[in-house]
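Can you build the whole structure from these sequences, using the hints too?
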Amino acid sequence: MRASPDRGPDPSRLEGRRLLLSPLTGTTFESLFGTGLAAPRRRMKNAAVIEPHPCVEDFGVDDLPQRHPHAPRYARARLAPALAAALALLLSLSACSDRDVPAASSTGAAASSSSTAPHRLVRGNGPEPDSLDPQRARNVESANVLRDLYEGLTIVGHDGAPAPGVAKSWSVSADGLRWTFLLRAEARWSNGDPVVAADFVAALQRLVAPATRSQYAQVVDSIRHAREIIAGRQPPTALGVVAPDPATVVIELESPTPYLPGLMSHWSTMPVHRPTLAREGAGFVKPGVLVGNGAFRLVAWVQGAQLDLERNRQYWNDAATRLEAVRFVTQSDENAEYQRWRSGELHVTATVPRGQFDNIRREHAAALKLGPQLGTYYFGLNLDREPFRSQPGLRRALSLALDRERITGSVTRVGELPANGWVPPGTFNYTSQSFDYAGRPMAERLVEARRLYAAAGFSAARPLRFELRYNTGDVHNRIAVAAAAMWKQALGAEVSLVVREFKVLQQEVDAREVDLFRSSWIGDYNDAYTFLQLFKGDFGLNTPHFRDARYDALLVAAAAEVDPAKRRATLEEAERVLLAAHPVIPVHFYVTKHLVSPRVQGWYDNVLNVVYSKDLALSPAGAGP
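First residue of the sequence shown? That's 1 in this note's numbering, and the numbers climb one at a time after it.
Calculated from the structure, these hints are not laboratory results. Each residue gets a CB set at the ideal place from its N, CA and C atoms; glycine is no exception. Nothing false has been slipped in among the hints.
Here are the computed distance ranges between Cβ atoms for each label pair:
| id | residue 1 | residue 2 | range |
| --- | --- | --- | --- |
| 1 | Asp-384 | Arg-313 | 50 to 58 Å |
| 2 | His-158 | Glu-448 | 39 to 47 Å |
| 3 | His-158 | Gly-192 | 23 to 31 Å |
| 4 | Glu-363 | Ser-169 | 43 to 51 Å |
| 5 | Glu-363 | Ser-434 | 34 to 42 Å |
| 6 | Gly-288 | Ala-319 | 24 to 32 Å |
| 7 | Glu-405 | Leu-370 | 15 to 23 Å |
| 8 | Ser-496 | Ala-319 | 57 to 65 Å |
| 9 | Leu-370 | Ala-282 | 36 to 44 Å |
| 10 | Pro-164 | Arg-322 | 18 to 26 Å |
Put into structure tokens, the structure is as follows:
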């Protein structure tokens, strides 16, 4: 999945804000990075700073909701000689104290104390969900809510592996091309209707139908006829999914897909209540209208504040549900979210603020939950544009010059791992591959980077000039400025940093209007294919526009391979081909990070960062949040 970005402040506080340039004195490059990059020892002036607030956290959000139509579309700064000083400023702001953090709102329903509802779990959820339509939703915030409202054939188990959902069991044919899922007879929609196989058939047909315009249609392209349907060459009813009886779903594949049970836990494959969809059309997701089959049902959605869910007594396993209600709080500012957690308004945060991480680790060690996550933060290069299109050596030079250890140690600072490959470590039945220069000293890497830079025709007299576009948010500001400073210092490249709202950035990347862009990818299921498929030539989300016949052939071969060992070897070879071509520059691998109240019982972490509300409970109110 295309990840929902790390967050900045409340969008309402950004209206009318601009990225300004003002003098900055007394900052050295060494104050930020030490001496490892051999920066000039002189003091820098005229660096870019973000005003008027002294904390970077006050600038930037990941996705400005539509309720703020007058928020600035973008801010732009050209950072050339003063990049190092700008980066030093940005990092120094991590020391901002709690007095610089905006106070939690005391107005509105979202600010009501969780203590007034002893069986209501209050979860921080980041920016506004983009949709509660399972086939059309695309961000993590939507997925979190959808997993409580709906249940797929499978769910994500506590260990990240697929577990039975509506399907109590499944089997696969010897050739790996036919999967049969047997449904629970007791499964019910929230209105009492039985959940039947035809509901899943309709959902999958809807997912691949061109009229749906789903961003995730291609995740099921291994199902028979899916590619032809997505391309408009066959009707959705031709999809290789049938319901021979109300309790059986049969899926026919074009090629073996061993990760299919995991894929069936993805929100885009969740069933639809056909009568409500037929009657309401796009309005079938409204509160009071939405009919789901999950452990909870939608009661209210206050834009910019919260979504309220209550227990669905029709859920097939309601007896095991221990909560009466769940509130998902919309909060784009991670510092404000932290304050709300400290005041007891939230039981669980969506993330933790980087600028206060050290203090949080000292003060709330027992409540801080960190764990590995299948996700990669990266810079994508537009291979439809020169000079990146025809110069793989230049792409390699930029990757060589990026000091990932410095970025994760000094910029991100919450346990992320430097990404010297593409597929994250911890992926099931897979050994993550690495660049051939991984582990080499930076001094050696810089020698090669400069040689490749010169071979590509660039020099001090003719520097490489390009734009790096990224979405608003503190962490993205910091990483972008750090990268630009490294490329300037090591190679002499002149980088223009262009800040966009998240939705605008997505549109520009899709329209191929960028040189180099920030993005991330979170695994849809625990298998290397979810990461490697992204760069297949015909994959719709191949935003770098990478085209490599050998790479595509390896993915096709892996998709057709039944033997697990051979499939693994083929995918590992594909990753090596990808890394050698450098269509993207991986930066770091993600970690999950939450603050969880001691009142929350049953919390668990997994590599997919999926924790169902139905698995949790609240102890009686006591000390602490």
